[in-house]
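Undergrad: Put the complex together from the two separate chains, hints included.
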Amino acid sequence: MENQTFYYDNKIVKNFAYATLFWGVIGMVVGLLLALQFIWPALTFGIPYTTFGRIRPIHTNAVIFAFVGNGMFTGIYYSLQRLCKARMFNDLLSKINFWGWQLIIVFAALSFAFGMTTGKEYAELEWPIDILVAVIWIVFGWNMIGTIIKRRTQHIYVAIWFYIATFVTIAVLHVTNSLAIPVSLFKSYPIYAGVQDALVQWWYGHNAVAFFLTTPFLGLMYYFLPKAANRPIFSYRLSIVHFWALIFLYIWAGPHHLLYSALPNWAQSLGVVFSVMLIAPSWGGMVNGLLTLRGAWDRVREDPVLKFMVVAVTAYGMSTFEGPMMSTKTVNAISHFTDWTIGHAHIGALGWNGFLTFAVLYYLIPRIFQTKLFSVKIANLHFWIATLGIIFYAVPLYWGAITQASMWKEFTADGFLKYPNFLETVTQLKPMYAARAIGGAMYIVGIVLGVYNLILTIKAGKFLPDEAASAPALAKAEGKRGSGEGVHRWLERRPVQFTILALIAVLIGGIIEIVPLYLIKTNIPTIASVKPYTPLELQGRDIYVREGCYTCHSQQVRPFRSETERYGEYAKAGEYVYDHPFQWGSKRNGPDLSREGVVGGRQYRPNSWHYNHMENPQRLNEQSIMPVYKWLITDDLDISTTAKKIRVMQTLGVPYPEGFDKIANDDLMAQARGIADDLKSQGINVAPTKEIIAMIAYLQRLGKDVHAAGMPTAAVTAK
Amino acid sequence: MLRDVFNSIGGFESYGLISMIIFVAFFAMLILHTISLKKKDVETFGRMPLDDSSKESDKNQDS
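Protein sequence lines correspond, in order, to chains A and B.
In this text, residue positions in the first sequence follow my numbering: the first is 3, and each later residue adds one.
In this text, residue positions in the second sequence follow my numbering: the first is 27, and each later residue adds one.
Looking at chain B on its own, in the form it has when it is part of the complex (with noise of 0.2 Å):
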């Protein structure tokens, strides 16, 4: 089916479903690895912004 698909696009040939085989794993891997990242880590990465050890900018600042 997949290849009809590719087929009626036009010229597509083999190099377009190597090259979607190749980002579908790749993907694949990806979300599996974001999925088994821990909770408590996501959070502390995700903060990194907010604490850059210095607040000597910031004390003019409102907010």
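Just chain A, same shape as in the assembly (with noise of 0.2 Å):
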């Protein structure tokens, strides 16, 4: 067969790199302010834009759909146009892949300030941009398989496996969890309520970690650690078995961010289990990237990619061994609602994301520049900054989790909360708090210092933005299977089939846990005396989102004797079938809510005492971290949308009675001006058209529901 010339397109590649750099900077910049604002809660500066309900979404999606997003577009476009010996399928889509992400990143940034959030995390964006989402991610997949199917190599290298399943996985996904009707074009409703939405939220969020952050992320390092050590892969056999055992059992394991909730028993034995055995796969393809290096250690010490590399590897085993823990019903108990999810989460994103992305970034940034990496001493100075960064930052947080789930679970010889006041638990971790923040800036030293270092790389190169390469064509007719050759062997020279097939592997998951919640009705035992919100509840409750309530306070009692002591019922699956979006929550760093107005509750307080609190929470906890949100007393409710929100909610199947959009706004200011006068009766005067009166009515409902139902609590046996 005669040799053909073409070209690797460089472009797209040096220009994801460089989103990549300044993506990576602004993310963490951002996450270093949410980790200060614990310690100077006063820099929210008292503005929406920049409370933590707001930024920590900006912070989780920059740091996870723009740097490592981009870092990992880097990656595949340089390597899928290398292994399959061909330039990228089509340049416009490349770019339009290029400059659609980077519009996405914009809007998500600029709607999640400005409070435009559908409230599920890492999947908070609203539907024209999940929209946008969509298109772009098929024009990715679109790109990738064309080609691969125009490539001139034989066989598909097991680094394009894991970007085809990437592709699949996260369009099924994104799809799946964003499915919602909009009531205007920033505000929409997630067709689930309650436990379904926690289920397929989960279900997704576990997976945007196992196909957004590990598979694309495992196909570069199969790619990038043998070229940069100059080796093949230890095993390419263990890489298969790495690769279909790891999609196959990722996709079950969402429930485990459910345990002790009111998710049914059966589905979250299915993730605890799945999550136990994710360690072997796992540790599988740990095993195969170190071991590929066994011979070239003391080219590990001289080359910073290798060290990259090694860390980022070593931190993936180590969260892949942590995670399948945490999903243990046990460790979970104490690990979940606390520090211990976050310290885990950045061992993960900085360890395995942040230091395989610079790896591959110091790795071909020097040879599409034609040049040598400018300065190694200072990529080894980035290279221990940031590896101490994350030991600072880990380990304060590991240690206040452990601090706080003791204190959270502790009696007095009486039989009484030893510490009542869920402050107490908080303020013990500030200097843990501190600690962290050091931590994170450390690692962003580093990031700093990687970018000087690349920038000046760029300077002393010459840019080659088509690189020259030739390789005989492939033969039309090796597509057919050939005697004697395996369906599998077959299989991986047939992109379109593959990608079905590693589809199908992801889906019986999917399938098996999410639909019995839909059919089986036992699974959510109604409760009859759970009412749908009232109009002015439904305004306050879309607050609590647009403002981000849920990043600091959980909705969720588990049925702990702490719990039930501190808060009151533990949580039941009947209680939230009109909550869309389910509110539950992840990360207690306020107490749970979901009690907070039963009457004479152990969390009850007189509306006056919400108006102060909303006003400034520090006027009445000195040492309290939650934001002040004033606005809420001076900006008016959009009572505008009332009837259309009703609506929406009548078609997703919440029972108002036929023609209550048109009286709901009476309805909403008839109960407004209760609350109004209650509070003109405690000397405080307050219009009844202001946003605070609603988010009164929505945190005095909580709970009331459930407690009128009279539920025992006699279930409850575990501390």
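To be clear, the hints were calculated from the coordinates, so they are not data collected in a lab.
Watch out, some of these pointers could steer you wrong.
[Unchecked claim] Heads up, simulated DMTMM-like pairs for lysine to aspartate or glutamate below, C-alpha to C-alpha not over 20 Å straight-line:
1. Lys461/A x Asp84/B
2. Lys85/B x Asp468/A
3. Lys533/A x Asp663/A
[What the hints assert, rightly or not] Partner residues aside, some chain B positions facing chain A, computed with beta carbon under 8 Å:
4. Ser45
5. Phe49
6. Phe52
7. Phe53
8. Thr60
9. Phe71
10. Met74
11. Asp78
12. Asn86
All C-beta atoms in this analysis are idealised placements derived from N, C-alpha and C, irrespective of residue type, glycine included.
TA: Pasting the structure below:
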């Protein structure tokens, strides 16, 4: 076969690399600001756009989708072309992928700052942006599969399998979890409610970790690690097992985010079992990576690329051991809702994703600029500062998590909670939060050094936009299955069929887990006293979602005595049936709020208390880290949306009476006046039309219905 | 015996059993497949990243 000459597109790689660096710095600086707000809550500056609840999604989305996302595209666009011995399928598609993705990021940051959010973690984007994400994602997949089809190699290398699995699974997850009915251009209600919403969301959330933060990076590991070490992967056979076992198992593990919740037990147990089994393929992959370096350890000492890779793969091993441990009910009872989760997430994000991204950048930027890395010394400095940064970040959080969990669970000899005031358990952690902020700052210093080093490398080099290569064309007839060729061997050469098979492998778990929760009524026993929210409460709830209160407050009391003592009744599946979206939260920086409105309950507060608290939490509790929400007092509630909201809820099956949308605002105003009058009797003058009134109405509703049912607490045994 | 193990996990019921069977079957097939691969092929596949048909960008590097 005659040799063909073609050119690798390095320009698209360069663009994604620049975007990675840019968003990496921004995303992490926002993270640092969040960390500092735990020490100085005044750093929210008293304005809506910079409060914790709004910028926390900016941080998580920027790091996951902007930094890691662009890093992933950088590595995929570089390695895919070389592994296929072909230029990208279509330059225009590459450009649309790049600019579309950056546009999404900008839209995301702005919309979160303005409080446009679905209130579902890592899926906060509102529906118009969600559609844009889907379109750009398909452009990426089309370009990728097109490239694979026109490749000049027979076999499709295992790294590409990981890329394919990333593409199909993220597409399915994103679409399934984002299904919603719009109320307006920037507001929608998810089609799922309560427990079902929670299951779909965490099936998505967990698999975003699996298929956005893990599989593409494993693909990058399988390409760049052998490249940098200049030796083939330790065991190609192991990589095949790694791939299939990983994608098959991962998809089941989502419910481990919902242990001890109102999710039916069988689903929780499935999540636990599959999470624990995940250790096997994950560690198989880690061992495969590390053993590739056997006999090359002397080079690890000198080559910053390899150094970053070793820590990345080790961090992968650490977090994939820790994750399954946290999925067991014993550990989860302690770790859940604490900073343990945050520590775990950052070992993964900073160690695995961050370090591998920088390894890839240090590898490919000098190459596409035809020069050497400007300074190995600075790269080493980056390496050490960032490694220490991760340790400084994670260790205090683990310490804090155990401290806080113990304080939550501790009883006095007389059987009372030892620390009944939740805030005490937060104040105790402030030194740990300070240490964490220092660790994060060190990591950022490392990144800034990295950016500086790479800029000087770029300045010293000469960019090679189109890199010439040559290889023989792939003969057409070879698409057919040859005699004596196994099905999988054949499949490994057929990208479309392969994609479908990977899709089936991931769908099995999703379907078995999610479908029964819809079809089998007994999974969510109804509670007769649970009624839909009044229009005012619904509006208040939407403000709760807008402000991201769920980033600090859970609405999910676990069946432990320590929690029912502190908050009240433990959570029942039937109480959330009208919650579009669910707001269970995943981290308690403040107390659980799901029993806040129970009159005579452990957490009950009068309207005036809520008013004063929202206006300035530090005035009531000097040590509080809750942000001020004083604009709720001055801003008017937008009641033009009430009727539409009621209609959308009716479409979703919420049983408001026929024609209720027309009188909803009358109902709303009547309830609002009641609250305003009550506040007035306490000496607080505020118009019934203000947002704060709706917020108070919502907070006072929380938990009422369940308590009206007079549920017994007898089932509570565990501490 | 297996059923006892699952029951003791609590609420696991048949879903758990079905999913485990699916996984074990899948895994067994996978292992058989990887064992049956020819050694020569596996080596060629493993070397794929090292041969990208262009040395242009590598020429300034030490390794």
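Undergrad: State for each hint whether it applies.
TA: Going through the hints against the structure:
A threshold of 20 Å between alpha carbons decides the hint, and for Lys461/A with Asp84/B the separation of about 18 Å falls inside it, so the pair holds. Our distance criterion of 20 Å between C-alpha atoms is met by Lys85/B and Asp468/A, whose separation comes to about 15 Å. The hinted pair formed by Lys533/A and Asp663/A meets the criterion: a straight-line CA distance of about 16 Å does not exceed 20 Å. Hint on Ser45/B holds. Least Cβ distance to chain A is approximately 6 Å, under the 8 Å limit.
For Phe49/B, the interface hint holds, since its Cβ comes within 8 Å of a Cβ in chain A; the closest pair sits about 6 Å apart. Annotation: interface hint on Phe52/B holds; nearest CB of chain A at approximately 6 Å, less than 8 Å. At its closest, the beta carbon of Phe53/B sits 6 Å from a beta carbon of chain A; the interface hint therefore holds under the 8 Å criterion. The beta carbon of Thr60/B is positioned within 8 Å of a beta carbon in chain A (closest approach about 5 Å), and the interface hint is therefore held.
Nearest Cβ of chain A to the Cβ of Phe71/B: about 5 Å, under the 8 Å cut. The hint holds. This hint holds: Met74/B has a C-beta 4 Å from the nearest C-beta of chain A, less than the 8 Å allowed. For Asp78/B, the suggested interface contact is upheld, since its CB lies about 4 Å from the closest CB of chain A, less than 8 Å. Here the hint on Asn86/B is kept, as its CB sits about 6 Å from the closest CB of chain A, short of 8 Å.
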